[in-house]
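Engineer: Each chain, written out:
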Amino acid sequence: MFKRTGIVIAFLCAWAGAASAEPKTNMLHQWASGSDAEAIAKLGEMFTAAGGKWEQTSIAGHTANTLAKLRANVVAGDAPPAVQLKGPEIAEWNATGMTANLDELAAKEGWDKVVAPELLPVMKPAGKWVAAPMNIHRVNWLWASPKAMKAAGITELPKTWAEFNAACDKAVAAKLVCIAHYSRDWTDATTFEVVVYGQNLDLFRKAFVEGNTEAMRSPGMVKAFEQYRQMVGKYMDPAIASRDYPTAVSMLSKGEAVFFITGDWNIGVMTRSGMKQGDDYVCGQAPTDWGKPGFILNSDSVVFFKQKDPDYVAGQQLLAHLILSPAFQTIFNKAKGSIPARLDIDLADFNPCQQMAQKALQASIKEGTLVRTMAHNMTVLQKYRGAILEVVTQYTNNPKTTPKQAAEQMADTVEAQK
Amino acid sequence: MTASAVAAPLDAQARIAARSHLANRAFIYTFLALFAVLYLLPLFVVIANSFRPLPEITQYGLISLPQSISFEAWADAWSTHCVAGTCAGVRRNFYNSLLMTIPATIISTVLGALNGYILSKWRFRGSQTLFACMTLGVFLPGQIALLPWAYVLGKLGLTNSVYGLVLIHVVQGLAFTTLFCRNYYVNIPDDLIKAARIDGAGFWRIFRRIILPLSPPILIVTVIWQFTGIWNEYLFGTVFTSGREQPITAALVALATSGQTARHFDVASSAVLIAALPPLLIYFLGGKYFVRGLTQGAIK
Amino acid sequence: MTADVSAAPGRPWRERLAAWAPVLILAPSLGASMIYVFGFTLWTCWISVSSSTLLPQYDFVGFNNYVDLWNHQRWKIAYGNLLSYSVGYVLVSMALGLALAIAIDQRIRAESGWRTIFLYPLAVSFVVTGTVWSWLYSPDAGIEFLVRRLGWTDFDFRLTTHRETALYAIIATGIWHSSGFAMALFLAGLRSIDTDILKAAAIDGASPARIYRRVILPQLAPIFVAVAVVLLQFAIKTFDLAVALTGGGPGISTTFPAMFVYDFMFQRGQIAIGAAGAITILAALAIVLVPYALWSTWRARREAAQ
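Chains as they are written, first to last, in our numbering: chain A, 34 to 451; chain B, 2 to 301; chain C, 145 to 450.
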């Protein structure tokens, strides 16, 4: 703790000496409510404690609305000093030449050594540090309600998709909803990519990381759509199109539904609604047919745009420094449900599921099964991702589309964007 | 009209006619009442639910008779509810809407009246064409103007501010107000103007003495239409401002699409009423003139 | 009447200024309008034939973006929805408006009260309308919940949760919003019909239905057209209502062209395709409005000549 304060003080002195700018910032992000907003508020507190002037612009809705606001601001000549951006967007905006360079700070603090290696190509799209990673989320989680499991006679979390289907059949027989779900384009895509990943790692890499349309037409993808159709048609309930997130979570806590497939941001949401790990929910890796530890990675990061005002420039350096600091990484990730982007943080008093995530990350790196998420915009460009998401969500809500048709549609729409 | 036969003489045919007249009346009133219920239902739901505590709403649904009264939702929506990051209710957004709508309405109406006066009474070569071009602005879809306005507002330094929205609504409203006023002033006889000019009156005097006294009907319609249209506008408010600078329609959407927290129907209902009251009030007070002007404007 | 701008020598400066007043006052409005109407449209046109993605690029790639646009599945769904919505919304609003107007015209009591009730939705924004109706359509708190609570436990009213029916929810809500407007105009038209003709027809023994068909409705023809045009251009610009009611869902089944444009221009970083969509919306509006403008000018000239 003293070390951190010392670094901050030394930092500020250096800056005070070099240029008497007062660091200020205005961060544009999508974490407008709930546990996410609390987590970002902590960043604000740290920024203010370090002597900076903190302002934020939080946009309600999902990432798309934040991107819309970013574009409006950039066209107006008013690029934000800091904005939450991720995945291929970082590279795209970097290519416009408007992003600020963090190499100096990175070298001083040794980021290359402590940040998870899978994140480096995303944060350094052209070899230079452009973004500061805040966390690592794991997407391929299976959450379960112990109450509902007991009622359905399911004794342990299923490990393969065959076991999962069997467990769900038991749940349906016990008149429970097997999978709690609420249909949005990104939630449908999350569940679907978990299915694809669990069935066929190679297919995931080719179709969702590289965007190969032949892979999208392949029998493997059709098989994934078949499994997904069974899940939507038999194991979810019809009201998914009009449900919202908190109601889906409450289905687990009330024991009305057995499973929930989503990432570990769910930990923050469940904790905030009063659920306790072990009593009200348990966690496990989402089913995989190839029997090894797996990890679909999602990471939130902050990108800085070049600014003329020296106060904003100073604020950017301070913000980047704070984001990568062990103190922030610990506080932020505890609240958000994810694990730190730095590999050298001790997770002793984190949620047991988060500790599992860290172990899974290390194991998955060793086994070579680590991938980045497509549904949460870490792999293919937004125009391809948008096309894929549209096909998946249409498929979810239209029982008449066959798996083969869906696979063809996916390949066709992605091709049309090329 | 023809069915409303008058006094009922005592012969059989008239009795039948009277009975069918009664049946007609019953049918008409039932038809109207049925649709009136459908039209009033949302209003009733929103008003009732803004006074009910949330647990009661969750248990009994939105469309049910209130069983207990609570004023908390109003205070919550006004000053403490969390909307997109800040927890200060929609009070600031309401003031933003006032700050945006009132100036924009006044300026666009004044300019519209002047423009309409000029284009109808002080015609010059090409004024017809220019008028037609200006009128096109009424029908331009908002999406065409989004990126250009972003650029213009940036250059003028009016990003993320209510004043930028005022500018947008004035420029976009000009087309409509000019159209309405000009079509109205065209009906003022030219002879009046000619006589005044012979008497030595100039541009401003004619406007003050002749045009303005005749203008109240069209000005009321224009003001009501502009106020309602600008207050209720959503797209530009949500793209060009954020957070505390947003007008209330955009804040309402941000409040209603909560994301991670359960839907607060009570607070949202209060917020809906706060957002909808000003235009509704203006409509209830000035609706008569509004309809009159609407029919005059559309039946050209 | 022309503006007298001759600057005769000796005229006080104030008079000269007043002479120039019309031009001075009109100029800024005219200038701003020209930039707004033509400048913005031309700029969007240029972007639509460029290769802009994240930010505007000022190059030329021909009409590729339009080809891509019309091949795009989401655009096809969008304009398909627009066609269905336009037909349903315009026709039913007009029919309902006419029915309400005829009913109110029958010398009933509390006429202005009825009129106020049916017209007030017009003062409410589409956003508020969409939000409140989305609550009414939701199965866990709205109409279905009410009916189930009253006893029909199997009652199903889930328009907005199924992709086939979600569009009908939007159409119905649009009709709720705008049929009052149609009613007001039809009522004014009914009131302006010459009662002598009606009396003559009644004396001739024509039934009420016949009178409506042969005498009244034909006289309302111009109003039919005016209402249809206004409603149609509301329909083409549909954005707020759909966003507030369904957000474009379930899936993308209730997406509209205006939402497509916003999405591609702003959220997806494909400005050129978004601009192509915007220009297409403009073309659709022109197809509706230009013939109407020409027709009403022709009518006005014909009436003036008579």
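These are calculated hints, taken from the structure and not from any lab test.
Hints are supplied without guarantee of correctness; some may be wrong.
Below, in silico cross-link-like pairs of lysine to aspartate or glutamate (EDC-like), each with a Cα-Cα straight-line distance of 16 Å or less [to be verified]:
| # | chain 1 | residue 1 | chain 2 | residue 2 |
| --- | --- | --- | --- | --- |
| 1 | B | Lys289 | C | Glu255 |
| 2 | A | Lys416 | A | Glu243 |
| 3 | A | Lys433 | C | Asp212 |
| 4 | B | Lys156 | A | Glu125 |
| 5 | A | Lys416 | C | Glu255 |
| 6 | A | Lys161 | A | Glu125 |
| 7 | A | Lys451 | C | Asp212 |
| 8 | C | Lys220 | A | Asp445 |
Partial list, computed: chain A residues near chain B (C-beta under 8 Å) [what the hints assert, rightly or not]:
| # | residue |
| --- | --- |
| 9 | Ala109 |
| 10 | Ile123 |
| 11 | Val147 |
Using N, Cα and C, we set each Cβ at its ideal position, and we do this for glycine too.
Engineer: Would you mind confirming whether the straight-line C-alpha gap from lysine 220 of chain C to aspartate 445 of chain A stays at or under 16 Å?
Structural biologist: Since the Cα atoms of lysine 220 of chain C and aspartate 445 of chain A sit roughly 14 Å apart, the hinted pair holds (cutoff 16 Å).
Engineer: With chain B as the partner, please determine if isoleucine 123 of chain A meets the hint condition of a C-beta pair closer than 8 Å.
Structural biologist: Interface hint status for isoleucine 123 of chain A: violated (22 Å vs cutoff 8 Å).
Engineer: Are lysine 161 of chain A and glutamate 125 of chain A close enough, with their CA atoms no more than 16 Å apart?
Structural biologist: Judged against 16 Å, a Cα distance of about 14 Å means the pair holds.
Engineer: Regarding the pair lysine 433 of chain A and aspartate 212 of chain C, is the alpha-carbon distance no greater than 16 Å?
Structural biologist: Violated, at roughly 26 Å.
Engineer: Next pair to validate is lysine 289 of chain B with glutamate 255 of chain C; report whether the Cα-Cα distance is within 16 Å.
Structural biologist: Within the cut-off at roughly 12 Å; holds.
Engineer: With the threshold set at 16 Å, check whether the alpha-carbon distance from lysine 156 of chain B to glutamate 125 of chain A stays at or below it.
Structural biologist: violated, 25 Å
Engineer: Does aspartate 212 of chain C sit within 16 Å of lysine 451 of chain A, going by the straight-line distance between their CA atoms?
Structural biologist: holds, 10 Å
Engineer: For the restraint on alanine 109 of chain A, tell me whether the closest CB of chain B is nearer than 8 Å.
Structural biologist: holds, 3 Å
Engineer: Compare the distance between the alpha carbons of lysine 416 of chain A and glutamate 243 of chain A with 16 Å, and conclude whether the hinted pair is satisfied.
Structural biologist: holds, 14 Å
Engineer: For the pair supplied as a hint, lysine 416 of chain A and glutamate 255 of chain C, is the alpha-carbon distance within the 16 Å limit?
Structural biologist: violated, 55 Å
Engineer: Is the hint on valine 147 of chain A kept, meaning its closest Cβ partner in chain B is under 8 Å away?
Structural biologist: violated, 30 Å
The structure shown violates the earlier hints numbered 3, 4, 5, 10 and 11.
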